[in-house]
Amino acid sequence: MIVRQPPVLRATGLAKSFGHVQALRHGELTVHAGEVVALVGDNGAGKSTLISCISGAHLPDAGEVRVDDRPMPLGSIKAAMEHGIATVYQGLAMAPDLSVAENLFLSCELRRPGLLGRLGLLDKKAMRERAWELMDSLGITTLQDVTLPVGDLSGGQRQVVAVARAVSRAGRLVIMDEPTAALGARQSQMVIETIRATRDRGLGVVLISHDLPRVLEVADRIVVMRLGRVVADLPARELKIGQIVALMLGEQNDPREESLPA
Amino acid sequence: MTATQPTLRAPSNRARAGALMRSTPAYIVVALVALVVVFTIISPEGRFLDATNLQAVGRNSAGLVLLAVGLTFVLGAGHIDLSVGATLVLSSVVAGTVAVDIAGPPSASGAFPSAGPAIAVAALAAVVVGGIAGLVNGLLVTKLKVNSFVVTLGTMGVATGAAQVLTNGSNVAGIPPDVQTSFGLNSIAGIPLPLVLAVVVALVAGVVLSQTSAGRHALAIGSSSDGAMRAGVNVQRSTIAVFVISGLMAGIAGFLDITRFGTTAISGHETTMLQALSAVIIGGTSLFGGRASVLGSVLATFIPTMLLAGFVMVGVSSFYQNIAIGAVLIIAVWLDQLRGK
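Quick mapping for you: the protein sequence lines, in order, are chains A and B.
Those letters in the first sequence? Residues 1 to 262, per my numbering, in order.
Those letters in the second sequence? Residues 1 to 341, per my numbering, in order.
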């Protein structure tokens, strides 16, 4: 039995509309340290909107996000980052013309020591070395050269860089939106290993994925969304793929609700 | 470091030297040397290589260098600034008017007793006007979210019109000639002072673009605005900053204009923006953002000024300069695309 600290993340009552479309009606998510929570749902269920509200990319119309039981300002990526939340987006959020090392340190650049650093000059050598150390520590061997532009990398390599960047920046929680989409089996497995390494560092992980077999392989808890609402939040070991699909499609209600006294 | 780590960690010095030889600035240096050689051979008595001629080329390039430096930031950040020529004119008009107002009429001997302070305040006024013009562009692009092509096409008209309204369309007369004699026509070690100023500014700008966070952020938003934003880059601030830099450069260039001619040149800058823009693109900066080279831009600005000087010297109409630059622009971009494939 794990002694439960306050969760690293507790998001409640999040709602977000885009014009007339209510993408998120009631978003809720709780993540503990060292826990992988998978967020699943059909396209348009509101998964990406929910994590965009948590990561600060969207300002929700309503709701609250608490990190370590402290309220976090909403609608600011900077604030979310300062609270230890880092996100790997579906679009990867990379600058393709900049190098791997430059992307890893984008907006968190290292400066030279002394006067030159105070004048704003970057320590490119240190950033390259730290980039290699980071790749090593995550067991990433697919990259040959951190000075290559990210635009020259394969899809899998870009994904690995994006995950490495998020892990290096996250103090509390890493959010990954479809990290294995469009990847081959071997590279998907590598990302799953990186997710485990991230959890073992004591970080919370939120994983959005359609790849249900892999989700069940790595997740501790499954949160199912449908039509902008969270409809189920269950331990992964109690679930089978068929049940998850049924929940996603609305063919089955949360089993807990059925078993709970009225 | 694990044993399985690939060995290709960083490019070797030899690989770097090879990359340098194949870089755009290297091609431009070759083109410039070729221009000098050709014009020296075909000019009467090889006079193209005369110090006076080269000085004139340098003097004529100074303002263009500054505009190109500013545009390098704007294009690198994925935007465009069509208003730099108009901002140059407006800045020079304001600076000229300020100089005349402060200096007052000349004494009986023709000297302007307070020429020094007048020129200093005029220089400051030019820079401030340029900075404000850039700030307005940046705010319109980021706050109203109007495309920078449209915004700066609009402010180009506004700045040109404002300059004409201020002066009723005629150039500012009565500026103390000290502005030419003490600075504009002066040299250090044979190098025209305006060019020295422009090159120093360009050096600082080059370091800012390639060696500081501000430069990385500008290129990051040019490469992927959304990606940069999600990586934590303050996209609005960076965007405003590149337009302010561009405006400041146009402001300084406006002041240099006065030091060169002793008056304003309201109708003399119709093609200036296009020349600077062409130089930036020839210099290897991507029209679509993400890639930018201050060195390439600065070197490429000498292509139009050398062509003009060469044509004049060998007796070809200066109108051919525009034709030649147009052709060079298209060929340079085409070659760049070939290399990228």
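Be a bit skeptical, because a hint or two may be false.
Facing chain A, a subset of chain B residues (Cβ under 7 Å, in silico) [said to hold, decoys possible]:
#, residue
1, Lys143
2, Ser213
3, Ser224
4, Ser225
5, Gly227
6, Ala228
7, Gly232
8, Gln236
9, Gly290
10, Leu295
Reference excerpt, derived from the structure (chain A facing chain B, CB under 10 Å, subset only) [what the hints assert, rightly or not]:
#, residue
11, Phe18
12, Ser55
13, Ala93
14, Ala95
15, Ser107
16, Gly151
17, Arg165
18, Arg169
For lysine-lysine, the following DSBU-like pairs were computed, each having C-alpha atoms within a straight-line distance of at most 30 Å [claimed, not checked]:
#, chain 1, residue 1, chain 2, residue 2
19, B, Lys143, A, Lys78
20, A, Lys78, A, Lys124
21, B, Lys145, A, Lys78
22, A, Lys78, A, Lys125
Just so you know, these hints were derived from the structure itself, not from any lab.
Small disclaimer: the values here were computed from a predicted structure and weren't measured.
The beta-carbon is built from N, C-alpha and C at its ideal position, and this holds for glycine as well.
Evaluation of the provided hints:
1. Lys143: 17 Å, violated
2. Ser213: It holds, given that the least Cβ distance between Ser213/B and chain A is near 5 Å, below 7 Å.
3. Ser224: With a minimum Cβ separation of about 5 Å from chain A (threshold 7 Å), the hint on Ser224/B holds.
4. Ser225: Interface hint status for Ser225/B: violated (9 Å vs cutoff 7 Å).
5. Gly227: 4 Å, holds
6. Ala228: Holds: closest Cβ of chain A sits about 6 Å from Ala228/B, inside 7 Å.
7. Gly232: 3 Å, holds
8. Gln236: Violated - the Cβ of Gln236/B stays beyond 7 Å from chain A, reaching only about 12 Å at its closest.
9. Gly290: Given a least distance of 3 Å, the restraint on Gly290/B holds.
10. Leu295: 17 Å, violated
11. Phe18: It is violated, given that the least Cβ distance between Phe18/A and chain B is near 16 Å, above 10 Å.
12. Ser55: 8 Å, holds
13. Ala93: With Cβ-Cβ at 4 Å, under 10 Å, it holds.
14. Ala95: Holds, about 4 Å.
15. Ser107: 3 Å, holds
16. Gly151: Holds - the Cβ of Gly151/A comes within 10 Å of chain B, reaching about 8 Å at its closest.
17. Arg165: Arg165/A check passes; min Cβ-Cβ to chain B is 8 Å, inside 10 Å.
18. Arg169: Result: holds, 8 Å to nearest chain B Cβ.
19. Lys143/B <-> Lys78/A: 19 Å, holds
20. Lys78/A <-> Lys124/A: Given that 30 Å is the threshold and the Cα spacing comes to 23 Å, the pair holds.
21. Lys145/B <-> Lys78/A: Holds, at about 21 Å.
22. Lys78/A <-> Lys125/A: Holds, because 26 Å separates the two Cα atoms, which is no more than 30 Å.
The structure fails to meet hints 1, 4, 8, 10 and 11 from the earlier list, while all remaining hints are met.
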